Amino acid sequence: MDLIFDGIRHAIVLLVTLDRETWGITFLSLQISGAATLVSLLIGMGAGTALALADFRGKRLLVSIINTGMGLPPVVVGLFVTIMLWRNGPLGFLEMLYTPGAIILAQSVIATPIVAGITVAAIQNLPRNLRLQILALGATRLQMLWLLMREARLPLLAAVMAGFGGVISEVGASIMVGGNIKGYTRVLTTATVMETGMGNFDIAIALGIILLGLTFAVNYVLTLVQQHDRPR
Amino acid sequence: MSASSVILELNNADVRRGGVRVLDVPRLCLRQGEILCLVGPNGSGKTTLLLTLACLLERAAGELSFRGRTVADRAAVLAYRRSTATVFQEPLLFDSTVYANVAAGLKLRGTPRQQLRMRVEENLKRFSIAHLAHRAARKLSGGEAQRASLARALATSPDILFLDEPFSALDPPTREALLDDLEHVIRDTGIAVVMSSHDQAEALRLADTMAVMRQGLVVQAGPPEHIMNFPADEFVASFVGMGTVLKGRVIDAGSNMLRVAVADTMIECVGNIQTGRQVVLCIRPENVTLAAPGSHDGDSARNHFTGTITRIIPMGHFLKVQLDCGFFLATHITHHSREALGLVEGGTVVASFKATAVHLIPHA
Chain A
1 MDLIFDGIRH AIVLLVTLDR ETWGITFLSL QISGAATLVS LLIGMGAGTA
51 LALADFRGKR LLVSIINTGM GLPPVVVGLF VTIMLWRNGP LGFLEMLYTP
101 GAIILAQSVI ATPIVAGITV AAIQNLPRNL RLQILALGAT RLQMLWLLMR
151 EARLPLLAAV MAGFGGVISE VGASIMVGGN IKGYTRVLTT ATVMETGMGN
201 FDIAIALGII LLGLTFAVNY VLTLVQQHDR PR
Chain B
1 MSASSVILEL NNADVRRGGV RVLDVPRLCL RQGEILCLVG PNGSGKTTLL
51 LTLACLLERA AGELSFRGRT VADRAAVLAY RRSTATVFQE PLLFDSTVYA
101 NVAAGLKLRG TPRQQLRMRV EENLKRFSIA HLAHRAARKL SGGEAQRASL
151 ARALATSPDI LFLDEPFSAL DPPTREALLD DLEHVIRDTG IAVVMSSHDQ
201 AEALRLADTM AVMRQGLVVQ AGPPEHIMNF PADEFVASFV GMGTVLKGRV
251 IDAGSNMLRV AVADTMIECV GNIQTGRQVV LCIRPENVTL AAPGSHDGDS
301 ARNHFTGTIT RIIPMGHFLK VQLDCGFFLA THITHHSREA LGLVEGGTVV
351 ASFKATAVHL IPHA
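Line by line, the protein sequences give chains A and B. Just so you know, this note's numbering puts 200 at position 200 of the first sequence, and the rest follows in order with no gaps. Just so you know, this note's numbering puts 26 at position 26 of the second sequence, and the rest follows in order with no gaps.
Just chain A, same shape as in the assembly (with noise of 0.2 Å):
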């Protein structure tokens, strides 16, 4: 027990003292994953909205593919970024490897199944006529999208939320692509399992602490806006 008691006093410490290399793994974390969660958004929001509207042969194969993609294991989409990025790589010229880019490359792909599927699921399941009545309030194409998104807002804030809870908490592609580089690539998820390796579970919890709290944090937010301006 004293481990962990102990893990949680030194994690306590290691936060109020404000341990540069604790909040710069910290702020890392939260930009790699920040900006994949934002790219993920725009093509997985993009492409799930228009799937959904879209009629045509084999969509429904595409949306069994993309729920498959929902569940993508980081290893695996680690390997295949990494054989990307390899210097004889298809990509290998872009010298990406091991750097902060690789990682949100890996975890873009992980999360923008995630928000495409969530995104269909929640556009398909507004009224069906909803497209028909905003068109016929006057609404051109873009304003008919954004109203349908706005109305699938709680939805859709969800796939916001999934997709970054998805890849702030994943690990597996993050090393493999990302190298747990002191000071460039080492992001919460990598720095506790090596910390953990190492025996140091006090930092390890610390750690954990921080990636929980971060998680809620981003979320507590999310569902503010989430909740924003819906009448009682």
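No lab work stands behind these hints: they were computed from the structure. Watch out, some of these pointers could steer you wrong.
To be verified - Calculated cross-link-like contacts (lysine to any residue; reagent style SDA-like; alpha-carbon spacing at most 20 Å):
{"#": "1", "chain 1": "A", "residue 1": "K59", "chain 2": "A", "residue 2": "N125"}
{"#": "2", "chain 1": "A", "residue 1": "K182", "chain 2": "A", "residue 2": "F201"}
{"#": "3", "chain 1": "B", "residue 1": "K125", "chain 2": "B", "residue 2": "Q215"}
{"#": "4", "chain 1": "B", "residue 1": "K139", "chain 2": "A", "residue 2": "L154"}
{"#": "5", "chain 1": "A", "residue 1": "K59", "chain 2": "B", "residue 2": "M228"}
{"#": "6", "chain 1": "B", "residue 1": "K247", "chain 2": "B", "residue 2": "F230"}
{"#": "7", "chain 1": "B", "residue 1": "K247", "chain 2": "B", "residue 2": "D324"}
{"#": "8", "chain 1": "B", "residue 1": "K354", "chain 2": "B", "residue 2": "S295"}
{"#": "9", "chain 1": "A", "residue 1": "K59", "chain 2": "B", "residue 2": "R17"}
{"#": "10", "chain 1": "B", "residue 1": "K107", "chain 2": "A", "residue 2": "W146"}
{"#": "11", "chain 1": "B", "residue 1": "K107", "chain 2": "A", "residue 2": "T140"}
{"#": "12", "chain 1": "B", "residue 1": "K107", "chain 2": "A", "residue 2": "T196"}
{"#": "13", "chain 1": "B", "residue 1": "K139", "chain 2": "A", "residue 2": "N125"}
{"#": "14", "chain 1": "A", "residue 1": "K59", "chain 2": "B", "residue 2": "R249"}
{"#": "15", "chain 1": "B", "residue 1": "K139", "chain 2": "A", "residue 2": "L130"}
{"#": "16", "chain 1": "B", "residue 1": "K107", "chain 2": "A", "residue 2": "L142"}
{"#": "17", "chain 1": "B", "residue 1": "K139", "chain 2": "A", "residue 2": "N67"}
{"#": "18", "chain 1": "B", "residue 1": "K139", "chain 2": "A", "residue 2": "Q226"}
{"#": "19", "chain 1": "B", "residue 1": "K320", "chain 2": "B", "residue 2": "M228"}
{"#": "20", "chain 1": "B", "residue 1": "K139", "chain 2": "A", "residue 2": "S169"}
{"#": "21", "chain 1": "B", "residue 1": "K139", "chain 2": "A", "residue 2": "Q227"}
{"#": "22", "chain 1": "B", "residue 1": "K320", "chain 2": "B", "residue 2": "E345"}
{"#": "23", "chain 1": "B", "residue 1": "K107", "chain 2": "A", "residue 2": "N125"}
{"#": "24", "chain 1": "B", "residue 1": "K107", "chain 2": "A", "residue 2": "L148"}
{"#": "25", "chain 1": "B", "residue 1": "K107", "chain 2": "A", "residue 2": "Y220"}
{"#": "26", "chain 1": "B", "residue 1": "K247", "chain 2": "B", "residue 2": "Q274"}
{"#": "27", "chain 1": "B", "residue 1": "K139", "chain 2": "A", "residue 2": "R153"}
{"#": "28", "chain 1": "B", "residue 1": "K107", "chain 2": "A", "residue 2": "L132"}
{"#": "29", "chain 1": "B", "residue 1": "K107", "chain 2": "A", "residue 2": "F201"}
{"#": "30", "chain 1": "B", "residue 1": "K139", "chain 2": "A", "residue 2": "T140"}
{"#": "31", "chain 1": "B", "residue 1": "K354", "chain 2": "B", "residue 2": "R187"}
{"#": "32", "chain 1": "B", "residue 1": "K125", "chain 2": "B", "residue 2": "V77"}
{"#": "33", "chain 1": "B", "residue 1": "K107", "chain 2": "A", "residue 2": "L130"}
Model, not experiment: these values are computed from the prediction.
Got chain A sorted already, so can you dock chain B onto it with the hints?
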């Protein structure tokens, strides 16, 4: 009404779903201030035609003109949609306040704030929902929600209002009250209306013109009274509540007076159809009167038949009585009449109707 007052014209409309033609309307016009009611059973194409007129459905072919101009390119479609408004069966309100909902169409048009507020308030009042302005639209009752939907539609002062079975999900008293208010608004604004309904009473109450639909076709269009009394075919006849629809053959065509054989009975009718022709006879239930046997001598009707009552069906404030007079005959009576005549199922009664009460359709 002159031809120049036509504001909407649909020509050669062809709409397909999954390659199957679901709408085939060669021509349909709507005049300024006209209320056109599309009626027909489920799946007859009412909604398809309504949405086609509202330019909300893709057409395989056909042309839509608004105030003499073809609605063709994207800009024209947007401008047309901004001159019209559509209310669906479900209110389809946005997840915000009633006020924001009623303001939605105006906001999309970029209406200045002052004007927007004025129009929203005016329409909230018009549909008696001003007190609900700041309530959550999703928490309204069915009737209130449909009021909000109508207020939202009319807030943009459209030239044409499309109503797709707007009252069919409401209970009768709510529907009645809303119908009353809508009727006032329509008469006040002089707006043209296209409304679909499977309830002919609703159609009769509002419509200047009624179009009866079946399988994507308009089978008959005209003033409701005319369609009620002179249906073009058996389908329309039964749809508009003819009650009695019989097949017969013209036996004796005199000067405007015909004798038509139905089963083993002769029915006298007014009409101008050659002897020997097969015809369909339609008799509205309210044109058939009942009397106790032996007491009909005084009336002027030319047709009197003694029949057996096969069924008495309560219809609320009246009763539907079905008779076997050697042929089927249906009539409506009041509860009071039933008691006065002592009508019971299996009893005998004399049914009478005038020769002019029979509408004849030459059989194709």
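Given hint R153 of chain A paired with K139 of chain B - CA-CA distance at most 20 Å: 18 Å, holds
Is K139 of chain B within 20 Å of Q226 of chain A, Cα to Cα? 19 Å, holds
Could you grab the alpha-carbon distance between K139 of chain B and N125 of chain A and see if it respects the 20 Å cut-off? Between K139 of chain B and N125 of chain A the Cα gap is close to 19 Å, so the pair holds against 20 Å.
For the pair supplied as a hint, K107 of chain B and L142 of chain A, is the alpha-carbon distance within the 20 Å limit? Roughly 14 Å separates the two Cα atoms, so the pair holds.
Proposed proximity, E345 of chain B with K320 of chain B (alpha carbon, max 20 Å): Roughly 12 Å between the alpha carbons, so the hint for K320 of chain B and E345 of chain B holds.
Does Q215 of chain B lie within 20 Å of K125 of chain B when you go C-alpha to C-alpha? 40 Å, violated
Pair hint outcome, K107 of chain B versus T196 of chain A [Cα-Cα no greater than 20 Å]: 57 Å, violated
Would the pair K320 of chain B and M228 of chain B pass a check requiring their Cα atoms to be no farther apart than 20 Å? 18 Å, holds
Can you confirm whether the C-alpha distance between K107 of chain B and L130 of chain A stays at or below 20 Å? 17 Å, holds
K125 of chain B paired with V77 of chain B [C-alpha distance capped at 20 Å]: 31 Å, violated
Hinted pair K354 of chain B and S295 of chain B, Cα distance within 20 Å: 16 Å, holds
Under the criterion that the straight-line Cα-Cα distance not exceed 20 Å, is the pair K59 of chain A, N125 of chain A satisfied? 16 Å, holds
Checked against the numbered hints listed earlier, the structure breaks hints 3, 5, 12, 14, 17, 20, 23, 25, 29, 30, 31, 32; every other hint is satisfied.
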